[in-house]
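Undergrad: Fit chains A and C to the supplied structure of chain Z, relying on the hints for placement.
Chains as they are written, first to last, in our numbering: chain Z, 1 to 204; chain A, 1 to 406; chain C, 1 to 247.
Don't take each hint at face value.
Covered stretches of chain A (in silico footprint by chain Z; criterion: 3 or more residues with CB under 8 Å from a CB of chain Z, positions within the stretch not fixed) [as the list claims (entries may be wrong)]:
| hint | region |
| --- | --- |
| 1 | 53–60 |
| 2 | 80–87 |
| 3 | 162–168 |
None of these hints come from the bench; they were simulated from the model.
Virtual Cβ for every residue (Gly too), placed ideally from N, Cα, C.
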Amino acid sequence: MGAINQSGNSAPTHTLGEGGFFTTRLDALLAWSRKHSLFQYPFVTACCGMEFMSTASPRYDIARFGAEAPRFSPRQADVLWVVGTVSQRQGPVLKRIYEQISEPKWVIAFGTCASCGGFYDNYTTIPGIDKVIPVDVYIPGCPPRPEAVLDGLMLLQEKITRGDRGMPAVAGRQAVEHLVQVRHPRLRAPKTGDSASLDEDSHV
Amino acid sequence: MEAVDDLDPKSVDKLELPADLMELNMGPAHPATHGTVRLKLKLDGERVAAIDIQPGYLHRGFEKSCERGTWNQVFPYVDRLNYVSPMLNNVGFALAVEGLCGVTVPERCQYYRVILGELARITDHLTCNAASAMELGAFTPFLWLMKVRDWIYDVLEIETGARLTHSFGRIGGMAAPPTDNLKANVRQVLPEVLKVVGETEVLLLRNRIFLDRVEGTGVLTQAEALDYGVTGPVLRSTGVDYDVRKAEPYLVYDRFEFDVPVGTRGDNYDRFLVRLEETRQSVRILEQALQQMPDDGPINIDDPRLVLPDKSAVYTTIEATIAHFKLVMEGVKPPRGEYYSATEGGNGELGFFIVSDGSGTPYRVRVRPPCWYGLQAGERMFMGGMLADIIPTFGSINMIGGECDR
Amino acid sequence: MKFLNETGLRSRLGERVRSVEAFGGQFAAEIDASSWIDAARALREGVPAYDHFIDLTAVDYPEAEPQRRFEVVLLLRASATGERVRIKTRCPADGPLPSLTSLWRGANWAERELFDLFGVRFSGHPDLRRILLYEPFEGHPLRKDYPIERTQPIVEYREVAGVTKLAPFGAEEGQPFGRVDWAARLAGRDLQVSPSIALQSQQRRALSESTSGCASRAVHKPVSLDPEGQESEVSKPVAEGSGYGSR
Numbered sequence: 001m002g003a004i005n006q007s008g009n010s011a012p013t014h015t016l017g018e019g020g021f022f023t024t025r026l027d028a029l030l031a032w033s034r035k036h037s038l039f040q041y042p043f044v045t046a047c048c049g050m051e052f053m054s055t056a057s058p059r060y061d062i063a064r065f066g067a068e069a070p071r072f073s074p075r076q077a078d079v080l081w082v083v084g085t086v087s088q089r090q091g092p093v094l095k096r097i098y099e100q101i102s103e104p105k106w107v108i109a110f111g112t113c114a115s116c117g118g119f120y121d122n123y124t125t126i127p128g129i130d131k132v133i134p135v136d137v138y139i140p141g142c143p144p145r146p147e148a149v150l151d152g153l154m155l156l157q158e159k160i161t162r163g164d165r166g167m168p169a170v171a172g173r174q175a176v177e178h179l180v181q182v183r184h185p186r187l188r189a190p191k192t193g194d195s196a197s198l199d200e201d202s203h204v
Numbered sequence: 001m002e003a004v005d006d007l008d009p010k011s012v013d014k015l016e017l018p019a020d021l022m023e024l025n026m027g028p029a030h031p032a033t034h035g036t037v038r039l040k041l042k043l044d045g046e047r048v049a050a051i052d053i054q055p056g057y058l059h060r061g062f063e064k065s066c067e068r069g070t071w072n073q074v075f076p077y078v079d080r081l082n083y084v085s086p087m088l089n090n091v092g093f094a095l096a097v098e099g100l101c102g103v104t105v106p107e108r109c110q111y112y113r114v115i116l117g118e119l120a121r122i123t124d125h126l127t128c129n130a131a132s133a134m135e136l137g138a139f140t141p142f143l144w145l146m147k148v149r150d151w152i153y154d155v156l157e158i159e160t161g162a163r164l165t166h167s168f169g170r171i172g173g174m175a176a177p178p179t180d181n182l183k184a185n186v187r188q189v190l191p192e193v194l195k196v197v198g199e200t201e202v203l204l205l206r207n208r209i210f211l212d213r214v215e216g217t218g219v220l221t222q223a224e225a226l227d228y229g230v231t232g233p234v235l236r237s238t239g240v241d242y243d244v245r246k247a248e249p250y251l252v253y254d255r256f257e258f259d260v261p262v263g264t265r266g267d268n269y270d271r272f273l274v275r276l277e278e279t280r281q282s283v284r285i286l287e288q289a290l291q292q293m294p295d296d297g298p299i300n301i302d303d304p305r306l307v308l309p310d311k312s313a314v315y316t317t318i319e320a321t322i323a324h325f326k327l328v329m330e331g332v333k334p335p336r337g338e339y340y341s342a343t344e345g346g347n348g349e350l351g352f353f354i355v356s357d358g359s360g361t362p363y364r365v366r367v368r369p370p371c372w373y374g375l376q377a378g379e380r381m382f383m384g385g386m387l388a389d390i391i392p393t394f395g396s397i398n399m400i401g402g403e404c405d406r
Numbered sequence: 001m002k003f004l005n006e007t008g009l010r011s012r013l014g015e016r017v018r019s020v021e022a023f024g025g026q027f028a029a030e031i032d033a034s035s036w037i038d039a040a041r042a043l044r045e046g047v048p049a050y051d052h053f054i055d056l057t058a059v060d061y062p063e064a065e066p067q068r069r070f071e072v073v074l075l076l077r078a079s080a081t082g083e084r085v086r087i088k089t090r091c092p093a094d095g096p097l098p099s100l101t102s103l104w105r106g107a108n109w110a111e112r113e114l115f116d117l118f119g120v121r122f123s124g125h126p127d128l129r130r131i132l133l134y135e136p137f138e139g140h141p142l143r144k145d146y147p148i149e150r151t152q153p154i155v156e157y158r159e160v161a162g163v164t165k166l167a168p169f170g171a172e173e174g175q176p177f178g179r180v181d182w183a184a185r186l187a188g189r190d191l192q193v194s195p196s197i198a199l200q201s202q203q204r205r206a207l208s209e210s211t212s213g214c215a216s217r218a219v220h221k222p223v224s225l226d227p228e229g230q231e232s233e234v235s236k237p238v239a240e241g242s243g244y245g246s247r
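In isolation and in its complexed conformation, chain Z is listed as follows:
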């Protein structure tokens, strides 16, 4: 697990005067349309795929963000979701798929294994996909909750708005907490005390 240096997210706001006015508007328009219709290529390898399925399913509904359409040809996709552990053997495959995606393209490292290798710190696992391809958003968690995934997606959308390809972003705990947790209404949380208990309020 790593802490990632997150300094220097400066949005490129150019003040070009009259001449630059249209260019900026066009960029903004493009960014706006891109961020709301992200065609995804799910490169699903492992456990995180279960939470990826949950994110796509009705409760969490990734379609709200315009990112529900999977494209299984890399040439038609915008976002490469790397979901799960990438082994050394899988490395060349991942690299090739990344190279086949046409620009503009973004990469989300979904889960701890894709971010840094996780606890598979051994002879067969790549310690994070950024050793092979560049990454835009890291979503920590083993596996991350669907709320964290949505948060990561929103971070990517912000990045697209800014037109910023520099620093990668990390979906953080801070950002997850404000998300409303939608639960099955009739389930009751444990009263208090034991280690598995959760906050009463979060279940309502």
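TA: Frame of chain Z; chains A and C shown alone:
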């Protein structure tokens, strides 16, 4: 294979089609194979003439990693073997080490394990059937079943603190006792699970497209299945009624009434139905287990060599502090020996062959991955069929990368 | 779980049984490598026929004599009676063991896996190549002398700019006492790391030559040494304590 149309490629050579076999590479990142596997095919027209299945794209060094920590530190790794039903792996591994130590957990814990395990089995079978259906183009059942799965995840999360990878099993018990609302929560969810499973059944089992894709495809005979070492739903679809829960009951499975559904033809349709019916049988087991489970009693074994002492005692007494330190830093020390333990996992007989050298670190942890043998039998099921039949067949084998490639 | 017991094993396999081990109600017969396939055939073809292939696996004992380094274990089940049987044999790294693929098709991948991860060879196997790892991989990772952290990448790692991650745990860091440093142990340098484990298994050797070899693992420095480099009182071997009840 009678289901594919009976056009013989030899008879159409008048058309002067190229006679060479076409090589086709499928995977390892193929959208319709839920799992990373590479299939090297040789096709005669659309018919599979030769196949080389290449697993191993998700080899994560499970067995080697286990040889580094303590026995209890293996639980997070077993969680991620069959990640569709992690709790069953937890239970299987805990039973193996307890067998090695020669101890049995208290009755209440046995019921608790059965309940959590059967909930996991339901999610496993629902996910497999949902994904198989989605790969054949039926997206609605997928959304329906995922909805149910999230309800079960909620129950599991309230119990264990995690939606998916619980790491909740411990040698000699569980990480925490059941919550007060366990029974109420499970009883609340079960009828709704059955309801949605019923709805899904109606959506699929009268759907001509779905039926045409699964009926008669991917056939495996009984003798072949045994020869290949296949277990679980794939074996039961061929008519062998081998279920570890019934054949060699562990925990308290001998106290429940449930049936082992078997198929007749061993095709994809049978495998789909076997899983569907097993979901219902799991619900049956759950209802009986909830009825029988005592509300009071210990969960963990009362043995300071195996189970961590109570936290309040750790902070107040020196004996508990020492016991805690030794268990954390040195781990549980089973006696020197070898032990094989089998439980019924989501995909079949989940076996753990463990070797201890008497120290706190496992000498060897071998998992017998059920879907590894299922996938190997895939070469028999794919061969001679159409290229398109690979998709439903692969789906119903339910190859889970973490378990298959370890 | 019902395993074929000692009498059953001896009557079924006869002279081929070298010894029978019993532990926790489970029996395992050790077979000589030369009669491995005969014994397997006797189980496959006799009555009841052990027709359900369960598993084939191996355990590495690097400190055994080279001819007996790998223990190959075969688990079978009779579908008619539900009875299980476990037989095993010892083989060296290079000396081939006859393949069981002609008896059970399930043995095919299992043997390939053993070849891949342990380097055990099988004669008469139709297609003996790596299955879980990739072709240029050198060595066999499940052998005790293969260091867990040794990776063999096939794509060149790129330079990652702008991202600083915490360094991963070292191989020794965060690990419990009691694990074995196999590289050091096989080089004859060292021991298990925890004094109490060493006491228990009586495998501890003199620390005198190991101090330099263990310098980098100062965190786990096991016992205090007196000036002559002799072990202090605390680590003197004592008789092994009782296990979990008698078997």
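Undergrad: Against each hint, give a clear statement of whether it holds in the structure.
TA: Each hint, compared with the structure:
1. Under the rule that three or more residues need a Cβ within less than 8 Å of chain Z, the assignment of the region 53–60 of chain A holds, with 5 such residues.
2. Closer than 8 Å: that is the beta-carbon criterion, and the region 80–87 of chain A has 3 residues meeting it against chain Z, so the requirement of 3 holds.
3. For the region 162–168 of chain A, the assignment as covered by chain Z holds, since 3 residues bring a beta-carbon within under 8 Å of that chain's beta-carbons and 3 suffice.
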